Amino acid sequence: MTSSTATTPQPDAGDATSGAVPGGPGAPGPDAEGTGPGGRDTGGTDSRGADPDGPAPSGAEPKGTDAGGDPFDRDALPAPDGATGALLRSLLAPLRARVVVAAVLLLLQQAAAQAGPLLVAFAIDSGVPALRDGDHGPLVVVGAGYAVCALGSGAFQYAFIRASAQVNQAALLDLRGRIFRHAQSLSLDFHERYTSGRLISRSTTDVESLRELLSEGLQELLAVVLSFVYISAMLLWLDLGIGGLAVLSFVPLYLLVRLYRRRAAVVFAERSTAIASVIVKFAETMNGIRPVRAFRRERANDERFGALNDRHARSNGDSLLEMARYVVGSRLVANTAVAGIVLWGAYRVTEGTLALGVLAAAVLYLRRLYDPIDRLGMFLNSYESAAASLQKIAGLLAQTPSVPEPARPVGLPERSGASGPGREVVFEEVRFAYRTGGEVLPRFDLTIPAGQTVAVVGSTGAGKSTLAKLLARFYDPTEGRVLLDGTDLRDLPVPELRRGVVMVTQEAFLFSGTVAENIAIGRPDATREEIERAAKAIGAHDFISGLPEGYDTDVRKRGGRISAGQRQLVAFARALLADPAVLILDEATSSLDIPGERAVQRAMDTVLRGRTAIVIAHRLSTVEIADRVLVMEHGRIVEDGTPAALIDGTGRFAGLHRAWRESLV
Amino acid sequence: MSTTAEATQPDRSAVRSLLRLWPYVRPVRTRLFTAAFVAIVASCLSLVIPLVLKWMVDGPVADRDVGGVWLGALYLLLLGVAEAVLFGFRRWLVARPLAGVEAAMRADLFRHLQRLPVAFHDRWASGQLLSRGTTDLMLVRMFLAFPLTFLLVNGVTILVGAGILLAQQWTLGLVLLAPVVPLVFLIARFEARYSSVARTAQDQVGDLTTVVEESVLGIRIIKGFGRHRSQAATFRALSERLRGTELVKARLLAGIFGVIMTVPELAIGAALVLGTMQVADGTLSAGTLVAFLSTALALRWPVDAMGFLLAMSQEAATATDRYFEVLDAEDERDVRRETVRGTERHEGGPVPAAPPPTTIAAAAEGSERAGERHGLRFEAVRFRYPDASEDTEPVLKDIDLHIRPGETMALVGGTGSGKTTLTALVPRLYELTAGRITLDGRDIAAMPREELRTLVSMAFEEPTLFSASVGENVRMGAEHADDEQVRRALDVAQAGFVDTLPQGFGTQVGEQGLSLSGGQRQRLALARAVVGKPRFLVLDDPLSALDVHTEALVEAALRRVLQDTTALVVAHRPSTVLLADRVALLSDGRVAAVGTHHELLRDNAEYAWLMSGAHAEERHR
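Listed in order, the protein sequences are those of chains S and G. Here UniProt numbering is used: the first residue of the first sequence is 1, the next is one more, and so on. Here UniProt numbering is used: the first residue of the second sequence is 1, the next is one more, and so on.
One should not assume that every hint holds.
Just the calculated beta-carbon pair ranges, DEER-fashion [as the list claims (entries may be wrong)]: (1) G:D603 with S:A307: 38 to 46 Å; (2) S:V140 with G:A192: 38 to 46 Å; (3) S:P406 with G:E390: 55 to 63 Å; (4) S:P401 with G:R559: 44 to 52 Å; (5) S:A398 with G:R236: 20 to 28 Å; (6) S:P401 with G:R26: 50 to 58 Å; (7) S:G610 with G:D207: 40 to 48 Å; (8) S:A170 with G:W70: 53 to 61 Å; (9) G:E450 with S:G651: 50 to 58 Å; (10) S:V251 with G:D65: 28 to 36 Å; (11) G:R193 with S:V141: 37 to 45 Å; (12) S:D554 with G:E390: 20 to 28 Å; (13) G:R251 with S:D135: 41 to 49 Å; (14) G:D603 with S:G649: 35 to 43 Å.
Calculated from the structure, these hints are not laboratory results. In this text the structure is predicted, and so the values were computed from the model without any measurement. C-beta: ideal position from N, C-alpha, C; glycine also.
Throw the hints in and build the complete structure from the sequences for me.
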């Protein structure tokens with residue numbers, strides 16, 4: 001929700017962005033609020049609102065996950081107490097000097113801006129009599145003073161906006177980078193549970209709401225607070241009685257703001273829940289438009305969307321009405337106060353205890369005093385949503401990677417000459433269970449000599465992928481060690497590990513950019529020739545040349561319709577280019593036709609000859625090229641041997657293989 | 001997408017864009033106009049307040065008339081109460097209706113989008129559509145709530161205020177009003193520049209979002225190849241570029257705010273000096289001066305706001321354009337109008353096989369002979385994606401294929417040969433470029449889509465589950481299927497895992513629920529396709545993500561279903577092909593051969609190669 005409109009002060013503008021209220025006028029910054037009970041409460045409601053999915057577990061493997069209050073499901077990752085405030089402080093700490101500069105500029109700006117009525121009083125009470133006496137001095141002072149104040153307030157305004165923009169943008173740049181880097185460093189098990197949509201909204205909409213708070217709201221609040229303070233001080237200085245009365249009027253205003261905040265929080269939480277479900281329904285329908293059409297879901301969807309949409313319209317209306325009530329209330333208080341003060345002031349002027357000029361100045365000040373009340377609403381809106389967003393971001397940043405980089409990295413030994421380019425893999429007393437419990441792989445030992453090609457077969461959920469992910473160090477074993485040429489994977493620096501072990505998965509994702517760039521992910525410094533060689537080796541060259549711009553075709557643009565099988569070929573070319581010592585293929589050929597699969601096998605036989613390879617496949621055709629087959633069941637390796645031995649045996653594999661052969665004849 | 005950024009349009013067309021909102025505004029026009037009227041009254045009331053002040057200062061205060069002071073204060077109070085109540089009343093009047101307008105527009109958008117051709121959705125990212133349904137509509141609502149009313153209200157207020165100022169003391173009035181014209185001009189110019197920078201910033205945010213999105217979706221690849229540092233570098237470069245743009249925005253903003261602060265203050269200062277001299281001369285009363293400055297203050301907001309009101313209107317106009325851009329796209333129509341569109345469809349291409357009147361006749365003829373079953377027939381089908389240019393090679397050229405009633409035909413072809421495209425033509429997810437497809441003798445182009453899609457059931461290569469329970473997801477194939485039927489469909493798809501889910505049938509799946517593995521999703525999608533016992537079944541590689549064991553079980557069960565269904569099954573594997581009675585080999589956009597698996601395996605080299613990966617000669621050796 002980007003609103004790029006200039007934020008000119010606007011009475012009655014609360015429609016545009018209306019919101020709940022902080023601690024009232026003169027409340028401290030969001031820091032104190034975010035951790036206070038009030039802020040915490042609304043933050044909680046909101047986070048539930050954004051993901052109205054209820055308590056459904058979202059583990060990757062459904063078996064064994066229990067629904068018991070997993071924070072991932074509610075999109076409410078726990079952040080340590082005060083983390084929100086600490087996050088904001090840590091963002092602003094390096095900018096301390098600039099924050100001070102901006103604050104001073106604002107102080108000066110307000111001082112200049114609020115001097116006007118004072119000069120009016122001086123003009124009426126001193127200028128007029130002096131002028132009548134033929135003394136132009138006071139009037140010149142008034143004129144010069146007014147000009148200086150006008151220019152000063154303009155110049156300081158300019159400087160302040162620029163200074164505060166510097167601060168805001170630096171903080172946002174920092175925050176964006178932190179979220180991005182942190183999300184990237186978190187391990188795969190986190191990504192499997194924290195849906196991509198949430199992560200994306202953390203770094204987009206949540207950062208955006210903080211941006212709104214910083215660039216518009218906070219500045220607005222500071223201006224409002226400062227003008228309250230200045231004007232009250234001026235009024236008190238002009239006349240203690242009038243000033244006192246004005247300050248007294250803050251009490252009902254404060255109560256009103258508090259009431260509004262309490263009521264609005266409820267309405268806003270409801271509204272954000274409502275819009276979130278509208279968005280989910282909308283996005284899901286558009287992303288699945290083919291099945292929607294093929295199964296004639298249009299009318300049913302209209303109905304469901306209509307219900308969600310109406311709910312949003314209702315809560316939206318509620319929030320607008322709440323704002324209307326607030327506006328009426330605050331205006332009533334303000335206008336009554338003005339009438340009262342004018343009455344008393346005028347009465348005292350008639351009695352002669354108050355100068356006329358002072359009354360005039362007071363009246364002008366009063367108008368300014370109450371003008372920003374409505375603007376508070378705007379600030380409160382951005383404040384509430386930013387507090388909720390910061391809370392969520394802090395929760396994300398509080399997650400620690402379960403696969404940390406080594407503190408004292410150890411390099412791999414040189415590839416021991418005789419055995420070729422492959423490396424030896426050893427699983428040493430490895431056991432793996434999810435953090436939530438639920439054992440996937442009971443303790444086992446497995447040694448794969450350098451250069452061996454091992455096929456892993458077994459039904460869904462047997463633990464094949466987990467085995468592969470342990471070897472790629474997407475997970476760390478719960479117990480035991482995984483060794484690459486005798487070195488624990490946990491001690492390997494990331495670049496070294498990634499040069500050593502490459503995994504190609506079933507879902508072949510293409511990044512925006514050209515086909516060539518996508519292949520080059522395997523080795524960014526590869527030349528076009530090397531890229532083409534890799535593509536040719538895997539049999540992808542023909543289809544790539546057939547694309548509108550060949551290797552330079554943008555995969556996201558029109559004409560770039562690339563089928564699932566073709567995407568997998570690109571993924572292979574990428575792996576081939578990376579030239580790893582250990583290659584893991586996790587169902588990487590599922591969308592390929594048999595010739596495609598053969599091309600992959602040929603490439604492994606030639607280009608990748610001598611590499612250690614783990615091949616997980618549904619297709620038994622893959623098994624033919626393996627030196628060794630592992631059959632897995634319920635997390636255990638139940639058969640282990642050469643393909644020939646297993647085929648001739650009487651185990652599960654033999655049965656499967658026979659059925660497969662028969663289908664070919 | 002190139003559809004986002006449009007150059008700032010001249011005001012006249014902005015007005016024209018906004019006028020298109022009228023059908024949605026019409027139902028709430030009474031309230032909207034009343035609200036505008038109320039706002040004008042309230043706004044003018046606030047201009048009266050200074051006059052009361054003047055009356056008090058010059059009358060009762062100067063005369064030391066205590067009763068008069070009380071009366072003045074009472075007037076002020078009444079005016080204040082009236083102003084507050086009227087402003088509140090205005091908000092109350094429009095709150096619900098405007099929320100309703102926004103909702104109505106969103107519902108229309110959703111309804112329309114669901115009925116647009118799939119080709120349209122191929123072109124448009126769902127995020128683009130979503131932003132039209134949310135941000136853009138919010139801008140429109142804000143426009144109706146605010147600029148629409150206040151452009152009028154402020155205009156009137158400024159005129160009335162100017163009138164009051166000039167009537168009281170025209171010299172002072174002129175001094176105060178002098179900066180208004182250049183100020184409005186400056187603001188308008190600023191807004192034009194600002195909005196173009198703002199749009200740049202929005203685009204850059206879009207680019208940043210893309211990087212975030214991709215690095216989340218492609219996390220396995222990034223981690224697998226240790227690429228996270230280069231991703232972070234890309235991200236940093238983009239976010240620094242965004243910061244640069246934001247700072248330009250801030251500089252523009254700072255400039256205009258500086259001007260807005262300075263110029264009116266200078267004018268007020270000048271008026272003060274001049275006024276003080278006049279008061280000293282006795283040509284002006286003190287009360288008038290107070291009222292004057294007070295009025296000037298009251299007019300400041302309406303003048304300052306004109307610029308941003310115009311900018312908001314401009315933005316709303318762009319939002320309206322973006323909204324209608326989608327709403328104007330033509331949706332899929334059924335028979336009656338379809339025949340008209342049918343002729344358009346063939347424009348530039350070969351003459352349609354059946355001209356409109358004949359199409360209807362054929363349809364009638366078809367239903368007369370409904371008793372007879374002709375199966376599924378492709379006749380000279382040619383297809384090119386609607387966004388491809390005319391001179392490109394069609395994806396499918398002259399497909400002739402007949403699937404007999406009750407027969408299962410496997411569709412085999414190399415990667416990228418157009419198999420998936422062919423399957424999408426049967427339920428008319430895309431319109432043929434030429435030729436026709438008949439179901440039991442009836443041209444699908446002449447059938448209501450609703451009916452067509454009831455007859456044909458599909459399972460897609462990419463199994464999509466919606467955020468709903470497992471049961472609801474399966475029932476999408478047949479709304480009124482009872483539990484028993486759902487259970488049977490799940491059995492066919494070997495989806496026994498459903499029973500082990502936390503709430504069984506009732507377990508929520510999809511983006512908002514439990515995430516299932518590819519194989520599990522594929523089995524549910526298959527169950528969805530077979531639950532209604534459809535007459536025609538189209539399956540796109542339905543078993544690709546299943547392990548060998550499960551695949552064998554599904555095949556056995558599916559065989560029974562296929563017995564009394566006319567089916568087209570895309571297959572990569574011999575095991576899937578064996579489900580079929582006959583096989584069609586798709587090669588280079590044509591059907592190269594049709595026959596049984598064994599015939600083709602024996603006689604067709606390409607087929608043998610596709611099925612075994614070895615050339616026929618090699619196999620015989």
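**Message:** Against the range 28 to 36 Å, how does the distance between the Cβ atoms of V251 of chain S and D65 of chain G compare: consistent or not?
**Reply:** 32 Å, holds
**Item:** Beta-carbon spacing of P406 of chain S to E390 of chain G - inside the hinted bounds 55 to 63 Å or not
**Value:** 59 Å, holds
**Assessment of proposed distance window 40 to 48 Å (beta carbons of G610 of chain S, D207 of chain G)** = 42 Å, holds
**Satisfaction of the hinted span 20 to 28 Å by the C-beta atoms belonging to A398 of chain S and R236 of chain G** = Distance hint for A398 of chain S, R236 of chain G holds at roughly 23 Å.
**Asked** Is 53 to 61 Å a correct range for the gap between the Cβ atoms of A170 of chain S and W70 of chain G?
**Response** 57 Å, holds
**Prompt:** Should the hint that D603 of chain G and A307 of chain S are 38 to 46 Å apart at their CB atoms be regarded as holding?
**Reply:** 58 Å, violated
**Request:** Please test the hint of 20 to 28 Å on the beta carbon pair from D554 of chain S and E390 of chain G.
**Result:** Because 22 Å falls inside the window, the suggested range holds.
**Prompt:** Is the gap between the beta carbons of V140 of chain S and A192 of chain G within 38 to 46 Å?
**Reply:** 40 Å, holds
**Asked** Are E450 of chain G and G651 of chain S spaced within 50 to 58 Å by their CB atoms?
**Response** 52 Å, holds
**Request:** Go ahead and decide if the range 37 to 45 Å is satisfied by the Cβ distance of R193 of chain G to V141 of chain S.
**Result:** 39 Å, holds
**Item:** Hint check for D135 of chain S and R251 of chain G - Cβ pair distance inside 41 to 49 Å
**Value:** For D135 of chain S against R251 of chain G, whose Cβ atoms are near 44 Å apart, the range 41 to 49 Å holds.
**Message:** If I claimed the Cβ atoms of D603 of chain G and G649 of chain S lie 35 to 43 Å apart, would that claim hold in this structure?
**Reply:** This hint holds: roughly 36 Å between Cβ atoms.
When each numbered hint is compared with the structure, a violation occurs for hint 1 only.
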